[in-house]
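Asker: Hey, can you work out the whole structure from these sequences and the hints?
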Amino acid sequence: GARLGPQGGCAPPAADNRLKTTKYTLLSFVPKNLFEQFHRLANVYFVLIALLNFAPAVSAFQPGLALAPVLFILAVTALKDLWEDYSRRRSDLAINHRGCLVFSREEKKYVHRFWKEIHVGDFVHLRCNEIIPADILLLSSSDPDGLCHIETANLDGETNLKRRQVVRGFSELVSEFNPLTFTSVIECEKPNNDLSRFRGCIIHSSGQRAGLHKENLLLRGCTIRNTEAVVGIVIYAGHETKALLNNSGPRYKRSQLERQMNCDVLWCVLLLICMSLFSAVGHGLWVRRYQEKKALFDVPESDGSSLSPVTAAVYSFLTMIIVLQVLIPISLYVSIEIVKVCQVYFINQDIDLYDEETDSQLQCRALNITEDLGQIQYIFSDKTGTLTENKMVFRRCTVSGVEYSHDANAQRLARYQEADSEEEEVVPKGGSWSQRGSIGSHQSVRIVHRTQSTKSQRRSGSRAEAKRASMLSRHTAFSSPMEKDITPDPKLLEKVSECDRCLALSRHQEQPLAHLSPELSDVFDFFIALTVCNAVVVTSPDQPRQKVRVRFELKSPVKTIEDFLRRFTPSRLTSVCSSTGGLAASKPSHKSGPSFLSSLSSDSVFLKLEERLSQPTPSIASNGYSSQAESWAPEQKPEPGQERELRYEAESPDEAALVYAARAYSCALVDRLPDQVSVELPHLGRLTFELLHTLGFDSIRKRMSVVIRHPLTDEINVYTKGADSVVMDLLLPCSSEEARGRHQKKIRSKTQSFLNLYAMEGLRTLCIAKRVLSKEEYACWLQGHLEAESSLDNREELLFQSALRLETNLHLLGATGIEDRLQDGVPETISKLRQAGLQIWVLTGDKQETAVNIAHACKLLDHDEEIITLNAESPEACAALLEQCLQYAQSRAPHSTPEKTEGNVSVGLFPLCSASKSPVSGPSLSLVIDGRSLAYALEKNLEDKFLFLAKQCRSVLCCRSTPLQKSMVVKLVRSKLKAMTLAIGDGANDVSMIQVADVGVGISGQEGMQAVMASDFAVPKFRYLERLLIVHGHWCYSRLANMVLYFFYKNTMFVGLLFWFQFYCGFSASAMIDQWYLIFFNLLFSSLPQLVTGVLDKDVSADVLLLEPQLYKSGQKMEEYRPRAFWLNMVDAAFQSLICFFIPYLAYYDSDVDVFTWGTPITAIALLTFLLHLGIETKTWTWLNWMACGFSILLFLVVALIYNSACSTCYPPSNPYWTMQTLLGDPVFYLICLVTPVTALLPRLFFKALQGSLFPTQLQLGRQLAKKCHKSPKTPKDTFAQGHLPREPKTELSRGSTGNPSESPSRDCALHTSPHMQQPPACSPKASGEPSAVDTSMPLRENNLLESPGSSTAGEAVSGECPRDHQRKRLGTSQAVPLSSLFSLPNLSSLGCVSSLSLVSGLGSVLRFSRSSLHVDKRDSEFLSNPPQPEPDLSGLQRQTAEYL
Amino acid sequence: MATNYDVKADVYSKPLCAPKGTANTRRPNNTAFKQQRLPAWKPILTASTMMPSFFIVGLIFIPIGIGILVTSNNIQETEIDYTGTEASSPCNKCLSPVVTPCICTINFTLKEAFKGNVYMYYGLSNFYQNHRHYVKSRDDSQLSGNTKALLNPSRECEPYRRNEDKPIAPCGAIANSVFNDTLELFWIANESDPTPIPIPLKKKGIVWWTDKNVKFRNPPGKGSLEERFNGTTKPPSWHKPVYMLDSEDDNNGFINEDFIVWMRTAALPTFRKLYRRIDRKNDSQPTLPAGQYYLNITYNYPVHSFHGRKRMVLSTISWMGGKNSFLGIAYITVGSISFLLGVAISSLYCLRALLSYISFSTWRPRMPLKRS
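Sequences listed follow chains A and B, in order.
Final position of the first sequence in full-length UniProt numbering is 1445; the numbers increase by one with none missing.
Final position of the second sequence in full-length UniProt numbering is 372; the numbers increase by one with none missing.
Don't take each hint at face value.
[Said to hold, decoys possible] Covered stretches of chain A, going by a simulated chain B footprint (3 or more residues, C-beta under 8 Å):
id	segment
1	293-302
2	389-396
3	1170-1183
4	1237-1250
[Said to hold, decoys possible] Facing chain A, a subset of chain B residues (Cβ under 10 Å, in silico):
id	residue
5	T265
6	G291
7	Y294
8	W319
9	G322
No lab work stands behind these hints, which were simulated from the structure alone.
Even glycine gets a Cβ: it sits at the ideal position worked out from N, Cα and C.
Answerer: Next up, the structure:
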């Protein structure tokens, strides 16, 4: 590790803080940039070809000219790089020239320096709201407790304040920290990018070592908050800071389309070689034929000799490669980059992806995989924060086996929901919560001096309320009024106040808690645990605190060993001493002082501990509690009776929710210091708990604990809060003999059943438990823990072990249920995405029941779905279960379902919803798998089976999965199924998954920025995924696919012209097209229109895409750009080039035309053909398209005219002087320019038209639909009814001679509007019923056409026939269902559950379960059977069905 | 916004163009362009929409084609092959290189009188003037009278760049292979009088104006043309130097029109080049009356070695140039095909509509079952 010397310098030359992100300097730009550009193979290829041109024997063009396009491309890229580098340089400069106060040894004071002048080892003085310039070790703080708050939003986006602590040994300094007296040596690890870790130690001159942790480090880029001033020493500077090491810049991925395209480029290379070879052989033969005949046109070599045919062929081959190089599109790569940048621009600009609440729009962080968005097949989604809002709301709790349902609270939440959904601007003024909330936040905003100030609280748009709430939550992390103001359950409130009263009366007695009944004591402990067991930071308006030296700490006795250690560490002594005597004095003090602790020898610790613990407790109690209560009392006086506004800033939203819940029960957390927590109760007043230890939450343990000394009992208590599955296993085993044990057992089973109930409701459950430690136990544990803490290596593991030792034998207090509300529009989005053919897998760390219920809530699981649950205890069991499930899945797949009626009923009712289902299978399967089974299933031998099973399932839900498992699942699907995957998540635990997936999407929500930083796209909410994929993804894919195809077509066609000419010029690699046209044709004349089309073309409008998500499937199946399309395209190109060559050939056969006067019309023809071809491919013609096409033609004409008149003797060999001018006077020129493109494109147009009306693809149908609906009146609800009539004459007209007054065009519209109306939010069923009464037949039928692509494949004479038959079948089955079955759906499905139980045959727990039956783990002996409650949505469905019938 | 961290993030996360107008929000501008809502014409390629265009193409092209065809057919043209490879041909004797100069005469009859200006071409077949090496083998600056290039021709002219240490003027393979047959036309006014009347052939006005006046210039200088070309030598296959191509000064040297015509390299191996013009004398008299003609050929140009052919062509021209019926036929063909495609597509469309109507009506009665 690095080592900082005592003088602040360090062994290697100290790194400075200069930021340099630029890649180039003025001198190095050209070579370095060229070097980088030549990493791209295409550039090398083109340069090689251009260089080949310099060899006289093979030169086809003027050598300089041949270099031009390559240089042009290189220059454009270089300019782009230069501009980027320049903007980086500017931002570097701005950052480097920020100022801060640095201690100068010469002047012995802090002086102003630029950031770039800071070196490692400098002492930096920072004030409130300053930005930290480097990674700094905190040595001194104006805060009385040696604390410093920083805001890390710049680093990780988390808005809550983080607490940092002065290095142990410096915190107790009485006087101002003086850098001159700093003599310690700091050892730290090498710079790394782990933001959450820092290890090192500080060695004081006395030889004492003290560990350094991340709590001591101020990270570059963070902002100092709530602290007047801090001083620190720079540990890492410049590029060694963690912030910069984390900065990896934008990601470069290669999209699938690009991979495919590269493959086709290789085909083109092959084609090029073939053409050249053919030509070379031809030339060889030609030379052999004419050489000895002394042909007049045979030009010998310069020495008069003739080339042998073979040599001539070889030369011809090389020349042909040069001439035909256009086949490899040099501008393709540049054009694609341009198009992608524009696509990204438009995605960024889409107002429908803008989230008003958070004032953020979609960010594209990866610039070059936009088209991958249109090909996604699998979505892997996180649950918490992605599907849900991650705004935790306390819903209900159970304490000591008694459930408190918090009905009032539920009603309150319902009210919010209503207000939310009604989208009203009304701000309930009377409501106390809003007043308080807003005032409070404004106050705090002002007081905390946050620079970014409140966003203008515009109330204009909809949902002003929600917006306001979220704006508040920007300042107070995770707390909207909704979360803050919990309505307490009256029963529980009463109990709490009873406790409070009791304790207040008896608090001076020996055992105050003993007076309470066990239940009440549990209640009391429960709330204490809620309040204390967390890492919530309390900030209150009286900020920042001044450094008051006369604090109770000096009067109060030693509180903990830590405290003790801290106060008497040598470093402090040294600094105290050195202020008077310098270094010499520190040594004796080290020896004489109580520094035996510094060695941390276990004996002495233990000894001291014993000593300390044996102190009489009452005195501590009085000191710890009462004295403080008194000392703090005066501060509170100014606002008597009035509730002090406290803001809680938590690291996770659940914590805040729980603390707010406790506050609602008057058990308010009022202050938290590193070593103490104060809780205020109405009667008891302020209780100060000494915080002995905090064992933070981690995802492995799934719990957190605090060790406190209880001020009332003076016992050492451990409060643990954690996932129920973990905590329930750690409980103290209770014997069933004694009554107390039995009681406990009963409580536990009750609690467990309530937990199941919560989980069923989709609540997040947490168990609260407590453990009372004897002093001996604690001392024993502490000893081990301190050892673990101070060990440098393997510290994490040791700490983990230590935590395990503490968190056992717990006493269960109760459990809480927290609601994680679904984000807006999640169910709709999921159903749309599913219609789009996307498989959605949810990978969550949550428990199974919660996950399943959330999945139901967001319609990921359907009520009529069979759910396969895979919970295995061992690999063998897992294998067997998989096998069984597979068999089951396969057995039910083929025979399709007369008996499985429920599914078909819903099919009949919601034709659109069923569209994504394959029509043959009945109710679809879903797979739920837990983390452990997933681990087994992901092993090599089982992964194939698992995947196969998962493929059969409509949705897959992985619960309790670790981040690693998440990424493994994604990797598996990606590599084995060769599918395009998208991972979406919001938290740090999703990062690995996001990185593994083809497309990573981060939710720029509440849990920091790690996910966003790792992602390719960042969306504000889950629901924006729908538009991002279905609209923009589709567009991007289709645009790019068409553009790439067009590129290949264009180049092949152009090269074809040259190739055909070889047959008439002796394969001599001659070109009739002037070399300038040849070289600049792609770059100048024909590039703009295709760019415009590539950027702006919309094959189907956004509305239709959203209405008919199944159109997305075209991208998944790569319909637009598949090998067949590529080769068809090439064949068409060959045909067109034949036409474009031979019409001019025949027209000018045996005439006096010269080579280039003949070649120029061919160029013009080619240009016109390209434009017309593009015209056929372009689906939307905006004025930009017209302009671009006009511009292309005009540019060609102008360039040709100028070029042909510029110089009469230049540009050999063509010397095109006055050619164009002459041509423009020649009517034949116009005549062939008219007939040739038309002829060339006639077949394409014909087949397109034929296919468009006989075998239309989904997209074409969508386009037709859009057109028809567009013409009808605007309001969607009336589309059908009104739109029917005005459309009629139009269709008549267009049908021309047919005179058939029926269906097709009008049908499209009808059918697509009515499904739209069936969408729940759009309008009531009544409204949808009316239009369908007009012509009910239409929707289903057309829907069929749309949904089954198989029916529209070629070879089928009449498209309407087949699907209709199929429809008839479906109708038949739905007809067969007795209507009553609709209403007995729950019963039916529970029957299904029973019947499926027999399938299990005892091997673990494979259950299909449905809405009403809850799967219960085998572990739990009790099976809780809940009466099937009609779920709100289920009843809604029934209502709806009733309406229909 | 402290670190580079954010600066970078900004570069890539902010919209490329910062939203204007609405202060303080990142809300994108709601403009038609940015929201991709530009008004657009959205053609849909279906039978019904494309049917008219097929018919329209047909309806436009067929008349044009007929017009062109008529024009082309009105052009009078006659072609005399005088390669002489056939034993019967009068020019057969000239195939052997021994006979120099070789003059052969071919008679032919014009059945119709040629009215209007008549153009006399020589046509070559299987002559690859478009060969890459051949096309390049010239020096345009020498031809434009550049004195420097005159004495030091471009390397492109190799191996016809220098001869016996003298620069060749004009250099290059194209110039070297210039067509050097002489064609003369005689008309036998009446059978009785066998004296052929020579037809006046104009050798000027057969090139582009720009070629004669801009591109091709003789070397500047006061003296005679011979002096101006001093220091150069003739191309190896030429019989006389470039300054002796013609007696008239404005048709001599580089600006000799026969030479200029030759230097415009033909596009295809079968080509014709304008040789002479026969201007119409007055309206009453045909330029070339019907009757017997003699073609006198001074046979110099060897083409039989590479199976080439030589022709003499007499042709009148129309507004669209020489006789070429292809374009007219092409227009008519494409027009008819288009029309036929239109018919096909509409009949298919009708058929489909009919079929779907039938199946629709059979299917219809089932519908009420569904919603009942």
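Asker: List in ascending order the numbers of the hints, as given earlier, that are violated by the structure.
Answerer: 2, 6, 7
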